[in-house]
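Novice: Here are the chains, one letter per residue:
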Amino acid sequence: MKRLIEIIRRDLRLALRQGSDSVMVVTFFVLTVILFPFGIGPEANILERVSPGVLWVTALLASMLSLDRLFQADYEDGSLELLALTPTALEILVIGKVAAHWLTTGLPLMIAAPVLAVLLHMNGDGFVALLVTMLLGTPTLSLIGAMGAALVLGARRGGVLLSLLVLPLYIPVLIFGVGAIDSAVQGLDYSAQLLLLGGILLAALPLAPLAAAAALRQALE
Amino acid sequence: MLGLSTPSGFIKVSKLVSPWLWTACVLLIGAGLYFALFVSPADYQQGQTVRIMYIHVPSAWLGMFGYSVMALASAAGLVWKNPLADLVAKASAPIGASFTFLCLATGSLWGKPMWGTWWAWDARLTSMLILLFLYFGYIALQNAFDDPGRGARAAAILALAGFVNVPVIKFSVDWWKTLHQPASLMKMSGPALHPSMLTPLLLMVSGFTCFFVAVLIVRVRTEILAAKIRALRLSEIHAAQGSGVAG
Amino acid sequence: MKVARDARAIACGLNRTGFVAFPPTSAFRECFPLAGAVVLLWCRAMTKGIPPSSFAGEKLVCIRGERVVFTQLDFRLTNGEALLLLGPNGSGKSSLLRVMAGLLKPADGHLAWNGAPVTDDREGHSARIHYVGHHDAIKPVLSVLENLRFWARLHDPRTGDRTAVTALERMGLERLAEVPGKMLSAGQKRRLNLARLLAAPAPVWLLDEPSVALDRASVKVLEAVIAEHRAGGGMVALSTHADVDLSGARELHLDHFAAAPGVVTGIWA
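Respectively, the protein sequence lines represent chains A, B and C.
For the first sequence, this note's numbering gives the first residue as 1, with consecutive numbering after it.
For the second sequence, this note's numbering gives the first residue as 222, with consecutive numbering after it.
For the third sequence, this note's numbering gives the first residue as 469, with consecutive numbering after it.
Don't read these hints as lab results, they were simulated from the structure.
Beta carbons: idealized from backbone N, C-alpha and C, even for Gly.
Among the hints, a few may not be true.
Stated by the list, open to error - Computed spacing ranges between beta-carbons, pair by pair:
hint, chain 1, residue 1, chain 2, residue 2, range
1, A, Leu4, C, His578, 29 to 39 Å
2, C, His602, A, Gln18, 51 to 61 Å
3, A, Leu202, B, Ser289, 22 to 32 Å
4, B, Val247, A, Leu202, 48 to 58 Å
5, A, Leu135, B, Lys236, 56 to 66 Å
6, A, Leu135, C, His602, 51 to 61 Å
7, B, Leu453, C, His578, 21 to 31 Å
Said to hold, decoys possible - Simulated crosslink set (SDA-like; lysine to any residue; CA at most 25 Å straight-line):
hint, chain 1, residue 1, chain 2, residue 2
8, B, Lys236, B, Phe366
9, B, Lys302, C, Asn547
10, B, Lys391, A, Ala89
11, C, Lys573, C, Asp723
12, B, Lys302, A, Leu210
13, B, Lys391, A, Ala99
14, B, Lys391, A, Leu107
15, C, Lys573, B, Asp368
16, B, Lys302, C, Gly570
17, B, Lys398, A, Leu167
18, B, Lys449, C, Ala575
19, C, Lys650, C, Gly592
20, B, Lys449, C, Ala584
21, B, Lys236, B, Phe286
22, C, Lys527, B, Ala452
23, C, Lys527, C, Leu610
24, B, Lys398, B, Lys302
25, C, Lys527, C, Asn547
26, C, Lys573, A, Leu167
27, B, Lys449, B, Pro240
28, C, Lys527, B, Phe286
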């Protein structure tokens with residue numbers, strides 16, 4: 001447990017000092033969302049209709065931006081070998097790294113999302129749903145993404161490959177995330193979608209680190 | 222199991238089985254085609270186009286079957302470190318992907334007369350489309366490493382992760398579909414299928430499966446031979462180095 | 469409760485220096501502090517004359533990228549011993565050290581600590597070893613002290629600042645403690661990496677070409693540090709191209725364990 005905190009602290013410190021990716025990720029998120037009114041026209045009712053989907057799809061892409069650096073830097077400078085030789089389960093350290101990744105990308109995205117929702121004229125009823133789905137969904141994105149990032153370590157064209165591996169696995173999160181907001185906007189009950197999102201998160205929480213740790217171990221062989 | 226777990230054992234057994242498989246494949250598909258094209262009736266709504274089903278449904282089945290074979294072989298490769306299992310996984314991916322593509326293509330052809338459009342976001346077709354991308358990811362990951370062993374292990378982990386995800390994706394796509402368009406346009410499952418259509422369908426499904434297994438055997442055999450050639454080359458390089466540098 | 473904690477600390481210390489022959493595993497100690505302490509006291513009573521611990525590998529086979537690097541390799545290390553790995557490029561010195569560390573799974577054969585397979589207690593094995601590889605694992609934006617402290621705490625969360633500073637002093641880096649890693653020279657980075665050995669003790673040191681980038685004086689320090697470690701009952705396995713003076717080290721020539729040339733080995737034969 002102490003080691004978990006230690007690695008989260010170190011990754012956050014690294015992110016802070018390196019002029020973290022978070023600013024870039026949020027900038028990408030904002031910029032891409034702003035592109036949509038230019039692409040589909042500024043009519044408020046159209047924007048309102050597509051806003052949940054636009055926000056979620058863009059957040060999905062943005063959260064992928066910084067993924068390929070998640071293990072790459074540690075892999076290149078030999079830190080990953082030492083992490084794998086730490087007297088604790090590698091899965092725990094993966095969870096620590098994912099937590100740090102979520103704090104530096106998922107959380108800023110979640111904070112930026114309501115502002116962008118205003119720009120897209122999203123119905124006021126959808127805001128709570130937007131925040132809650134982001135809260136439940138973005139950690140899953142980080143978890144699944146960590147598995148992908150671990151798999152492409154040392155691969156040729158790792159960055160492009162990563163999106164090919166990870167995006168299809170993101171689809172359920174996208175569907176239920178947008179579904180919940182759509183229901184909320186229509187004044188319907190959306191607890192089912194939230195439960196499903198939570199369920200996916202709970203399933204990913206042990207499984208994704210397990211797969212990621214296995215991938216890291218074989219990458220080091 | 223019959224010495225199947227070693228490469229030489231596999232080649233021995235496959236030589237025995239292969240001719241029978243190909244024969245069964247030709248007979249089953251031949252009979253299936255005869256029943257499908259001449260015996261089974263045209264649908265009273267869809268007309269002759271219903272016959273696309275006899276290609277479409279077996280392809281869909283093999284798309285999913287191929288992924289399952291791939292995932293199971295990957296699990297075996299990871300657990301028992303059996304290189305043959307890795308080869309089976311590797312060999313089944315392109316076959317499965319081809320059938321998934323065939324399923325999408327025939328679905329599209331069928332969709333034109335039925336829905337008046339080449340593509341509809343039907344739940345089944347959408348799931349198959351995602352499955353195709355899962356295949357692409359697997360194949361791309363496998364070929365992204367210089368060391369084939371490395372590629373096999375990484376891809377095996379991905380195959381298992383994908384396998385766990387397939388039901389979740391399937392469920393979420395079904396759910397998404399019912400939300401947006403509750404009426405299903407295509408009805409071909411369940412007891413509604415008349416026996417005159419069921420017979421050719423089952424014949425085609427089993428014929429296609431035989432074809433899948435037969436092609437799989439050919440591919441695995443090729444992979445084994447390729448690995449042997451690589452091993453021979455390496456030992457030659459090693460021998461040359463050994464005599465040149467003295468140790 | 470305090471007694472238990474003290475006993476646990478002693479146990480960890482003993483365990484780390486490798487003096488306890490049958491120490492309870494770390495997991496056991498964490499779950500049952502009291503029982504762990506009793507077992508440890510018993511172990512200590514049984515092992516009054518400091519019995520040697522041993523780290524051994526039997527019939528190890530290593531395959532890299534479809535090539536057999538070495539086969540049927542045996543090694544054995546006991547307290548105070550050093551193993552010098554020799555052999556030309558590609559003979560598997562680095563691979564053997566990675567196998568010893570547990571980073572690389574041997575294709576065949578096994579590793580044992582005091583006769584028990586290390587695969588039974590992977591985390592316990594990690595706690596016993598320090599591995600220094602080709603890369604120095606230094607983050608450019610963290611200071612020297614932060615870099616060292618992170619690795620020391622990851623190895624042993626109880627490591628204090630003072631231990632880390634002492635380790636830096638020993639490697640001649642105390643003046644650079646606040647300097648970010650990106651400003652270090654290759655030799656300084658290597659010394660910082662080696663400081664990990666001292667900041668969090670472990671009985672087995674696996675050093676892959678530790679003298680690379682070091683100047684003469686630093687190599688002398690390294691030699692002294694290794695000698696002290698061995699005098700305290702530690703074990704060292706080391707590969708080198710340069711001269712690192714290890715008095716009384718056993719030599720292991722890896723080229724003796726190469727697969728016979730021209731023979732296809734493995735499953736594809």
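Novice: Would you list, in rising numerical order, the hints stated earlier that this structure does not obey?
Specialist: Violated hints: 2, 6, 8, 9, 10, 13, 14, 19, 20, 23, 24, 26 and 28; rest satisfied.
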